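There are 2 protein chains.
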Amino acid sequence: MATEDGMDGGLEGNVLVAQSGGPTVVINSSLAGVVQESLNHGCIGEVYGALNGLRGIANGHLVDLAAESQHVIRGLRHTPGTALGSCRFRFQPSDLENAFQVMRSHGIHYLFLIGGNGSQIAVQLLGEHAAKIGYPLRAIGIPKTIDNDLAITDHSPGYGSVVKYVATTAREIAIDDQSMGDYNLVSIIEVMGRDAGWIAAGSVLARHMGTPFDAPHLIYIPERPFNDGEFLTSVQRVLENNRYCLVVVAEGIRNAAGDYVRTSGIKDPLGRTELGGAAEHLQFLVEQHLKIKARTTKLGIAQRAAAHCASLRDNEEAFQCGVRAVQAAVAGATGKMVTIVRENDSPYTVSYALADLADVAGKVRKFPDAWIDESGSMISSNFFRYVSPLIQGEMEVPYKGGVAEYVHLQGGKQFETNSGQR
Amino acid sequence: MATEDGMDGGLEGNVLVAQSGGPTVVINSSLAGVVQESLNHGCIGEVYGALNGLRGIANGHLVDLAAESQHVIRGLRHTPGTALGSCRFRFQPSDLENAFQVMRSHGIHYLFLIGGNGSQIAVQLLGEHAAKIGYPLRAIGIPKTIDNDLAITDHSPGYGSVVKYVATTAREIAIDDQSMGDYNLVSIIEVMGRDAGWIAAGSVLARHMGTPFDAPHLIYIPERPFNDGEFLTSVQRVLENNRYCLVVVAEGIRNAAGDYVRTSGIKDPLGRTELGGAAEHLQFLVEQHLKIKARTTKLGIAQRAAAHCASLRDNEEAFQCGVRAVQAAVAGATGKMVTIVRENDSPYTVSYALADLADVAGKVRKFPDAWIDESGSMISSNFFRYVSPLIQGEMEVPYKGGVAEYVHLQGGKQFETNSGQR
Numbered sequence: 000m001a002t003e004d005g006m007d008g009g010l011e012g013n014v015l016v017a018q019s020g021g022p023t024v025v026i027n028s029s030l031a032g033v034v035q036e037s038l039n040h041g042c043i044g045e046v047y048g049a050l051n052g053l054r055g056i057a058n059g060h061l062v063d064l065a066a067e068s069q070h071v072i073r074g075l076r077h078t079p080g081t082a083l084g085s086c087r088f089r090f091q092p093s094d095l096e097n098a099f100q101v102m103r104s105h106g107i108h109y110l111f112l113i114g115g116n117g118s119q120i121a122v123q124l125l126g127e128h129a130a131k132i133g134y135p136l137r138a139i140g141i142p143k144t145i146d147n148d149l150a151i152t153d154h155s156p157g158y159g160s161v162v163k164y165v166a167t168t169a170r171e172i173a174i175d176d177q178s179m180g181d182y183n184l185v186s187i188i189e190v191m192g193r194d195a196g197w198i199a200a201g202s203v204l205a206r207h208m209g210t211p212f213d214a215p216h217l218i219y220i221p222e223r224p225f226n227d228g229e230f231l232t233s234v235q236r237v238l239e240n241n242r243y244c245l246v247v248v249a250e251g252i253r254n255a256a257g258d259y260v261r262t263s264g265i266k267d268p269l270g271r272t273e274l275g276g277a278a279e280h281l282q283f284l285v286e287q288h289l290k291i292k293a294r295t296t297k298l299g300i301a302q303r304a305a306a307h308c309a310s311l312r313d314n315e316e317a318f319q320c321g322v323r324a325v326q327a328a329v330a331g332a333t334g335k336m337v338t339i340v341r342e343n344d345s346p347y348t349v350s351y352a353l354a355d356l357a358d359v360a361g362k363v364r365k366f367p368d369a370w371i372d373e374s375g376s377m378i379s380s381n382f383f384r385y386v387s388p389l390i391q392g393e394m395e396v397p398y399k400g401g402v403a404e405y406v407h408l409q410g411g412k413q414f415e416t417n418s419g420q421r
Numbered sequence: 000m001a002t003e004d005g006m007d008g009g010l011e012g013n014v015l016v017a018q019s020g021g022p023t024v025v026i027n028s029s030l031a032g033v034v035q036e037s038l039n040h041g042c043i044g045e046v047y048g049a050l051n052g053l054r055g056i057a058n059g060h061l062v063d064l065a066a067e068s069q070h071v072i073r074g075l076r077h078t079p080g081t082a083l084g085s086c087r088f089r090f091q092p093s094d095l096e097n098a099f100q101v102m103r104s105h106g107i108h109y110l111f112l113i114g115g116n117g118s119q120i121a122v123q124l125l126g127e128h129a130a131k132i133g134y135p136l137r138a139i140g141i142p143k144t145i146d147n148d149l150a151i152t153d154h155s156p157g158y159g160s161v162v163k164y165v166a167t168t169a170r171e172i173a174i175d176d177q178s179m180g181d182y183n184l185v186s187i188i189e190v191m192g193r194d195a196g197w198i199a200a201g202s203v204l205a206r207h208m209g210t211p212f213d214a215p216h217l218i219y220i221p222e223r224p225f226n227d228g229e230f231l232t233s234v235q236r237v238l239e240n241n242r243y244c245l246v247v248v249a250e251g252i253r254n255a256a257g258d259y260v261r262t263s264g265i266k267d268p269l270g271r272t273e274l275g276g277a278a279e280h281l282q283f284l285v286e287q288h289l290k291i292k293a294r295t296t297k298l299g300i301a302q303r304a305a306a307h308c309a310s311l312r313d314n315e316e317a318f319q320c321g322v323r324a325v326q327a328a329v330a331g332a333t334g335k336m337v338t339i340v341r342e343n344d345s346p347y348t349v350s351y352a353l354a355d356l357a358d359v360a361g362k363v364r365k366f367p368d369a370w371i372d373e374s375g376s377m378i379s380s381n382f383f384r385y386v387s388p389l390i391q392g393e394m395e396v397p398y399k400g401g402v403a404e405y406v407h408l409q410g411g412k413q414f415e416t417n418s419g420q421r
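Respectively, the protein sequence lines represent chains Z and X. The first sequence maps to residues 0 to 421 in numbering that gives the first Met the number 0. The second sequence maps to residues 0 to 421 in numbering that gives the first Met the number 0.
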């Protein structure tokens, strides 16, 4: 922690911060936290950002974040995407030499990586290599993922906001579906979640029991095998009592054999199968077998970019994770990830701690069995106490000319075209 | 207009108001306008709402709107869907006898129908039949459609809000796409628009020229035949200068032969082909022919239900259309639709007028040729002056427990389950 005169007596050096993996609407808030807190510590000189995550560290594509205006740094608090650019790039041991050359030449002794699982593996790798070669480096991971599947931390920054948006959207779609109920209607919303059902489960917050808007009626997550026949039976059961049936489905649902119910057959740059069509699969089943109209909405990237509907609490926690990372590093920590520790549900209070990267990297936290109800197609009310605090408060976004207004780094010019990157 | 003492000397009678067709986020604001203005006129007694639109008029499923609380009527101003329920039901001449029986037994002499094209045909029919049988009825249509395809009126309530949401979402997705640009990426957003490209065209407001977020780069609307090869060439051209290509496509794009590029093969209750898969068709083209990753987002019902991102101006105009309909009817008008007349672009000012239903019913206003640029895949800047005023101002929605909070009619109990309707 900084002393009154701003002198820490800590390791003297510059900061390098990077963002990695898929964006969330609060990942830039963590970046703002790192930048703002770095300025509070006399032992820290320059604050650099690596463009396009790990790739920028290896390639030496850095920008001077301290040169950015206050307007831009403040604007990061509500801007979606990753202001520094991200990547789907796995740090290979062969990139290590380049990365340490870059850090050495820029006097970098503080490294912060804001990211999910894969990013935490990279932080671990860099920290271990630094120790091995005797390079003084404080490497700290800052959690980020809409998927909420990071271990140890109570929840991950980014998750609360996606749930707030998905729940609000599900409620709005429910109201529209209810309006059109002069014939049976099935409405299907596909949300993200390749391996874990955290996002789909969060849509349960849209339910407004005791009103006509008690939807979603069915929620399908990857933690339970999806069965076509059981799904159709469940839809019919819902339509006996309701004028419509709203279904929320995670993109990654699989059948009993463990196969995705439908895939596009395309592989992403990491060789992972691109998912697509969970909603279309359910739509097909309903229309072919029940002869009932089914509509689909696929929120896609919108759900992790909807900064105009972000959780204020999530945003503040994301910022704090950035701040705490800098404080921990100045105090001497390395090879750790910042975690959020829930102290109390109601009133909701948290503290921040550090986890060993070995306990986080490569681990996936599934949605707990205890929060899935017996039917396998609804989330139990026990989950409410966990998730509800995470979506509280509305982040205000400025609008200009009627459209939400976001910032971009002025120093990131070379990051605007392909030519600067290749 | 009401005189000072609230006495109009107008036709004495009760009001019946109904909502019809697909919802918008401001159709309930028009309903609130009708209810609130009706209370200002001494010649108006009861204010009834018909459940499920035209079907409720024919079946006599009415609710007493004057019995609803102030809280509910105020809440309608920001609640999506149709509070009275809607329908996809075409009013047949055989339903007329029932409808007039219902109106006669409830002393209804003022009829307001909030809806799009099909609804205006029904208003015309009811008005003409009233004249024929000598039943005193003032029948006025109130415009409503996200599609903005109603004739005569400068624009339709509902359009500004869907454009505000689509443009904000397109900008947010652009920022996310930009973040991930360590490899080429094509991102496709499918929006509504079966016959007209108004909604897709409105996404042009997301563009933020001179920044990295100058997307969408390509916009495809039904007014221009879609050509697979030209599309692929355009995508490649965009990717020469940008790290990603954001495409917005209307669901109703057709090839040169006039066929939808992809349909689900399913028919809706009116026998119209269900569209589906415009985005998937483009995704397929990009992935198969260019071997570039393509992502899709299908906003579906979310776009016409996103009250949390509604245009304040659109909302106020929708309310005013309800108010003006009542004022016109009390003053003696019938067989008309309220229209919005643009007086000036900047500063934007409008007045309200009445159009003959014969000039509106059954007409479709296409997106003007002059606003499509030469390439056929971008909207010209001339369109900005028209559309920009329509999305100004942010409608504030209350949040409760972290989720946007909406109202429902207390009198609409029978409307909550199928059993009450059948």
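It is worth saying that the hints were derived from the structure and are not from the lab. Keep in mind the model is a prediction, meaning the values are calculated, not measured. Incorrect hints may have been included.
[To be verified] Using 30 Å as the maximum straight-line C-alpha spacing, the simulated BS3-like pairs for lysine-lysine come out as follows: (1) Z:LYS365 / X:LYS399; (2) X:LYS365 / Z:LYS399; (3) X:LYS292 / Z:LYS362; (4) X:LYS131 / X:LYS292; (5) Z:LYS365 / X:LYS365; (6) Z:LYS399 / X:LYS362; (7) Z:LYS131 / Z:LYS399.
Hints, one by one, checked against the model:
no.: 1; hint: Z:LYS365 / X:LYS399; result: holds, 28 Å
no.: 2; hint: X:LYS365 / Z:LYS399; result: holds, 28 Å
no.: 3; hint: X:LYS292 / Z:LYS362; result: holds, 27 Å
no.: 4; hint: X:LYS131 / X:LYS292; result: violated, 62 Å
no.: 5; hint: Z:LYS365 / X:LYS365; result: violated, 50 Å
no.: 6; hint: Z:LYS399 / X:LYS362; result: violated, 35 Å
no.: 7; hint: Z:LYS131 / Z:LYS399; result: violated, 51 Å
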